[in-house]
Structures are given as C-alpha cells and as structure tokens.
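Trainee: In case you want the letters, here they are:
Protein chains: 2
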Amino acid sequence: MGSYSIASNDNEQVNNKQIIFCDYISGFPKETDFVLKTSTIRLKLPRGSNGVLVKNLYLSCDAYMRFRMTKGGNSVVSAFKPGSPMVGYGVARVLDSGSQEMKKGDVVWGFTGWEEYSFITDTKSLVTIKYTDVPLSYYAGILGKAGMTAYAGFHEICSPKKGEYVFVSAAAGAVGQLVGQFAMLMGCYVVGCAGSNEKVHLLKNKLMFHEAFNYNEEHNLDAALKRYFPKGIDIYFENVGGEMIDAVLLNMRRNGRIAMCGAISQYNLDQPYGVKNLSCIISKSIRMEGFVVFIMIINCSPIHTRREDCVHGRCCGGT
Amino acid sequence: MGSYSIASNDNEQVNNKQIIFCDYISGFPKETDFVLKTSTIRLKLPRGSNGVLVKNLYLSCDAYMRFRMTKGGNSVVSAFKPGSPMVGYGVARVLDSGSQEMKKGDVVWGFTGWEEYSFITDTKSLVTIKYTDVPLSYYAGILGKAGMTAYAGFHEICSPKKGEYVFVSAAAGAVGQLVGQFAMLMGCYVVGCAGSNEKVHLLKNKLMFHEAFNYNEEHNLDAALKRYFPKGIDIYFENVGGEMIDAVLLNMRRNGRIAMCGAISQYNLDQPYGVKNLSCIISKSIRMEGFVVFIMIINCSPIHTRREDCVHGRCCGGT
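Heads up: the protein sequence lines correspond to chains A and B, in order. Just so you know, the UniProt record's numbering puts 185 at position 185 of the first sequence, and the rest follows in order with no gaps. Just so you know, the UniProt record's numbering puts 262 at position 262 of the second sequence, and the rest follows in order with no gaps.
Quick caveat, the hints were computed from the structure, so don't treat them as lab data. Watch out, some of these pointers could steer you wrong.
Just so you know, same-sequence chains aren't split out, so a pair can sit in one copy or run between any two.
Stated by the list, open to error - Under the rule of at most 25 Å between Cα atoms (straight-line distance), these lysine-lysine pairs were calculated in the DSS-like manner:
1. K276 to K71
2. K226 to K71
3. K71 to K231
4. K161 to K226
If we strip away everything but chain A, and leave its shape as in the complex, we get:
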C-alpha cells in the first residue's frame, strides 16, 4: 500500500467527459443550464498530493442538489461553481491515492464529480465500500445517500412502532420508496402518494405499498387522506411541503411524528407556500423534526455503519 503508486504511464492523458454547471438557476432548471464537455485528465496524482484520483462508476442525482444550483446555496450546502462539473454522491474506483485511508483499487462512496474521472483533493466525504457482494449501483441508491436518508429519517426520527399508520409523500422517489420498504418491514400500514398514475402503479404493484394515490387527481387532499387513513396518520415522512403538509396536519393522530426530509414542491418557488395548520402540532402533541443526512453522517458516523450493515443484511440478502 503506497501513497504514491505509479500509473502505467505517468504522462497518460485521457479524455474526460464532464457535465458542466453553466450558471446559477432560479425557477425550474432547464437542460440548457448544463452542458456536456470533453476535457482531458492525467491519470496520476500530482507529486505530494494527499488526494485521490478516481474513475467514477455510478452517480446519484438527488433533490438537495437543487440548492447547490442557487447562488449562495443554503445553510447546509454551498453552491456549485459555475463553469465547473456538477458534484454529487457517487461510487468510484481509486486509480491513484495519496490518502492514508484508501489505496489503489479500492471502491469508494462519497462526493465526486459528474465526470468520468475525478481528482478529489478533499477526501473527507469518501468511505471505502465494505460490502462488494452486491451490485455497486446499490451504493447510488439503497446503500447510498437515498438509503441512508430513508433509514435515518424513518428509524431515528419517526420512532416507528408495529401497526402504525405511515404516510409517505414523493413515495416513488429515491428516498420515499425506501421509507415505504422500511415501514413495511416494521409491520406498519403504508400509503404513498406520487404525481402520476404510472408511479402509483409502481408503488402498488411492484413496491407493494398497501395503498397509493396520485395527488394530481385529488381535488381535496384532506378528503383523500381521510379516505386512506380513516383512523389518522401516526407517521408522516415529508418530502414535498406546500399544501400536502397542511392537509397532513389535519389528519395526524395524537403524538404523531413528522420527519421533515424535504419540500420538493417549494424548491423552485420564489415565494414559498404559507402553512396554515401548524396549530395542529399543539393540539395533537405532534413532534415535527427536520434532519440533514450529511450532518447526521458527520456527527454520528455509526449511523453510516449501522445503516450499511442493517440495510445490506435485511434488504440485499447479505450477511
């Protein structure tokens, strides 16, 4: 294990396709906000670097990335740099390493570039993948950020109990569909909502949610929730914000829990929706808690290991 392993040809330059973030975005992102560019990269670290040079294998596209497209980012993530490749979670193979933590040939998970090869100087986010007996693409989903978000949000924030009524919004999304699976494994009754009949079909027939509905076909979200939850909702996994959270608050049960994971309906708006039913939080003794999985990872690294062990073991048929 050498910090300065040598590539076959020190001066080898290869083409490197990159997805470039053109400039800050307001409103809905358009395809023209990004451009595909081919540059070149030398497949060897500069002498003395303690970074890593990786070949990217899988990238995940996650909702939080929208914040990075806004000038200034938000309080959790910084903005992307216009003219540079996008950055996100991904799976990559180490081609050259100056880090004590990783060696050539390791497969790692963490922040990398939206490009074929990345030279990563800040390696703090990278962890060496422990289980390689599953498809590595799983680390862009259930064993990656989406899985960690769903696992931490559901198990650490929602305090689920067998038999409870669980509602998941954006249920066909990367996180939502996994929350549904975790909830079903807990013995909960699980209903999801999504924005198309195709997604609802997926939820009911492939992901085996107990029920699912298309919110675009409901004139009255409150009435829809009353139909699916005649006894009310114990746990709401919030991914959308806006009118949905208002309708959910009316249908929560006493001592209900709401994990605030995202508010995708609000990310492209200049003026956010005003939520009117917060007083339900008082009258029903609801706990509403937000979380940011990045920060949970930083503050509590056992979450990562526990999630990886648990999810790998229970959902991927591993040991």
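Based on these hints, arrange chain B on the given structure of chain A.
Mentor: Okay, now just chain B, sitting in the frame of chain A:
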C-alpha cells in the same frame, strides 16, 4: 374520614355568584359574552353522590379557554355550555365530599366553576394540594396550570442546556414569565417579547430577563431577533404563532428546539396566518414539538408531582 360528612344545616341555601358563558363566540370575546348572575346553592351533597361540594378560593384565566368558547371546542377541550358558568382551573376548599380521595377541609386544585361554590360530580381532575405553606393563590399560577405548562414545556420538550440562547414570546404572560425564570435557573441567556412597553419594563426590571422587546415597535421581527440573538436561538418557547414563528425560524440555530405551547395571535382569526419558513426545520435540523399539559398530566401523573416538588422547592423557598 366519612364519605357522607354532614354540613351544619342540611337545608342551608346560600347565594352563589356565577360568571355565565352566554353563547359561542367568533372573533374577539367581548364583555357582553359573559354575565354575572346570582343563584343559590345548598351546601351539602345530594345523598349518595360521590362528587364534592367546594368553596372556590382562586380561579385562573388561561389562554386555552378561548377554544372552549368556540362551538365544538377543539380536539383537546370541549366547548363551554352556553347559559352555564365558565369552567377552569382553580383552588377550592372541600365543604362536603362523597369521594374517597378527598375529605371535608381539604384544599384541592383542578377544574372548578367560575362561581363562589361548585358542586363537582366529575372529580378526576382534582388533586389535594400537598404544600400549604405557600400562599394558595400560587396554585392559580406557578404551582397551577401555568407553572405546570412552563415546567413541562421547557424541561420536557426543550431539553435545555446551560448557556443556551432562549427566546420566549408572550413572555409577560402567565406561562411565558415562568419559562423565563426556569430558563434563567438553568443558566440560559433569556430574551422575551411582549406587546407593550409596560410589559417589557416588567420583564427587564422585575422578572430580570436578560433582554426584552415590544414586538409592536419592531417593523421587522427578523431584524429584531438578529439584534437580540446575533448568534441565533437555541430554544424558542412558542406562545404566539403567526409572523413571529416565521421570523424565529430564520434565526434558529442548528439542532434548535421549539416548544409549541400556544398561538395566541391566531385564536381569534378565521383565517390563520400561513407560515412560510418551515424549510428551516429541515436545513437546521430543528425539532418542533407541540404539547398539551392536560394530556401530559393524564398520561404522566409523575409530571404533576415532580413539578410541584421541584417548583415549590426551588422557586417558592419550600422544602
């Protein structure tokens, strides 16, 4: 201790001044929504009753009572009965008892009528007062519902730590001023807001809050909070709702806690204010939790004892 103690004169009828709730109210209550009436009452229980007959000594007027003036009440409390006396927490002396739990001469705390004497058939809410070495009026305040609300809300919901930044709205109110005291006893930095300069003076000069401000004199609540909390707010004890919670959300620190106790600014509105900054709950990993002290009492009677012991010992100079 007899279940059927005998009053001096079985047929004695006395005048009983009562505050009658005339009819359901929408909008702000007016003085004409209530009427003072004098009826008569026999100071002895009907034979076989397991209720109690009490002389009311102190009554507390609490914000939640507004819900009881609305047709249908809310999910926690039922509506008052038009034409009947108001009902609320109070301190009373037992004149005659058919209950195994209380005897003649006991001083009790719990739900009673807004009248001189009450015949209480449902005695579940009544508890015999343990400490009588303090003014009994304290049981309409710090040792009553207000004290229990402040204690449970601050200590059970807010998880306070020494040195944290605490903001209390409606800080000159019955609950708010006590939250401020509990927070200062914990070694927190405490700022309160209120709606008049007289109240602000009380907060700063008598109740010794570190700072206080009059929200009616602030054009921009966000700017006011930034002035008083340049490092942000760790704990917000919410009594008001509306624009204040929106401004507070912008100023909360990471892992902040919000105890949702009340939303007095909203109780007389037909259309509640729409809260726009809920996404801060996600980005700052905030826990926002509602509570209803009635239900905490029912579900967790030790809270009552613990609060009474603790508050009496620490704040009232008792043992």
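Trainee: Would you mind marking each hint as holding or not holding in the structure?
Mentor: Here is how each hint holds up against the structure:
no., hint, verdict
1, K276 to K71, "between (29 Å within a copy, 20 Å between copies)"
2, K226 to K71, "between (40 Å within a copy, 23 Å between copies)"
3, K71 to K231, "between (44 Å within a copy, 23 Å between copies)"
4, K161 to K226, "within (21 Å within a copy, 40 Å between copies)"
Consistency with the previously given hints is maintained throughout, with no hint failing.
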